[in-house]
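Hey, can you work out the whole structure from these sequences and the hints?
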Amino acid sequence: MASFNKVILMGDLTRDPELRFTQSNMAICKIGLAVNRRFKDSQTNEWREEATFVDVTIFGKRGENFEKYHKKGQSAFIEGSLRFDSWEDKNTGQKRSKLYVVADNWEFVNGGRGESSGGGGYSSREESPVSTQAEGGGQGAPEPDVLAADDTPF
Numbered sequence: 000m001a002s003f004n005k006v007i008l009m010g011d012l013t014r015d016p017e018l019r020f021t022q023s024n025m026a027i028c029k030i031g032l033a034v035n036r037r038f039k040d041s042q043t044n045e046w047r048e049e050a051t052f053v054d055v056t057i058f059g060k061r062g063e064n065f066e067k068y069h070k071k072g073q074s075a076f077i078e079g080s081l082r083f084d085s086w087e088d089k090n091t092g093q094k095r096s097k098l099y100v101v102a103d104n105w106e107f108v109n110g111g112r113g114e115s116s117g118g119g120g121y122s123s124r125e126e127s128p129v130s131t132q133a134e135g136g137g138q139g140a141p142e143p144d145v146l147a148a149d150d151t152p153f
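Residue numbers (numbering that gives the first Met the number 0): 0 to 153.
Keep in mind that the hints were calculated from the coordinates and are not lab data. Do not take every clue at face value.
Here are the simulated lysine-lysine pairs, BS3-like style, with alpha carbons at most 27 Å apart [as the list claims (entries may be wrong)]: (1) K89 / K5; (2) K60 / K5; (3) K29 / K94; (4) K67 / K29.
Listed below in structure tokens is the structure:
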């Protein structure tokens with residue numbers, strides 16, 4: 000049977016990224032992402048928003064760079080795949096499981112409750128993040144191109 004496992008999410012970080020390293024020095028960045036769904040309530044006929052909270056893991060240099068440029072409340076765009084882990088709780092002996100996203104790619108997004116993350120992005124298809132030395136003078140993410148509402152091309 001054929002299958003397809005692809006996840007695309009855009010939302011706000013629910014906490015600061017948590018960066019750890021394995022014994023072999025592999026970076027593991029864990030984040031929480033709040034993704035909102037907007038829908039019209041059929042009973043009240045009013046628009047509502049419902050948040051879904053998703054745990055995301057980013058490995059390697061991508062994770063290190065994500066942690067460097069993101070904080071709680073900022074928006075992020077994540078591409079990845081679903082993973083399912085199951086284990087036995089050491090304290091209770093009960094079986095536990097968790098469904099989460101492993102990010103293959105992330106990009107900066109303007110907006111969110113925190114400061115703007117800037118423009119550009121970092122992809123698993125690239126060797127390194129967007130150059131901040133040449134474009135941003137080494138002060139973090141490059142400044143985004145800002146369009147006024149009247150400048151929207153569509």
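Status of the hints after comparison with the structure:
As the CA atoms of K89 and K5 are separated by approximately 32 Å, the hinted pair breaks the 27 Å bound. For the hint pairing K60 with K5, the CA-to-CA distance comes to about 21 Å; that is within 27 Å, so the pair holds. Proximity of K29 to K94 is assessed by CA-CA distance (about 22 Å); at most 27 Å being required, the pair is judged to hold. Between the alpha carbons of K67 and K29 the distance comes to roughly 13 Å, so the proposed pair stays at or under 27 Å and holds.
Hint check: a violation occurs at hint 1 only; the rest are consistent with the structure.
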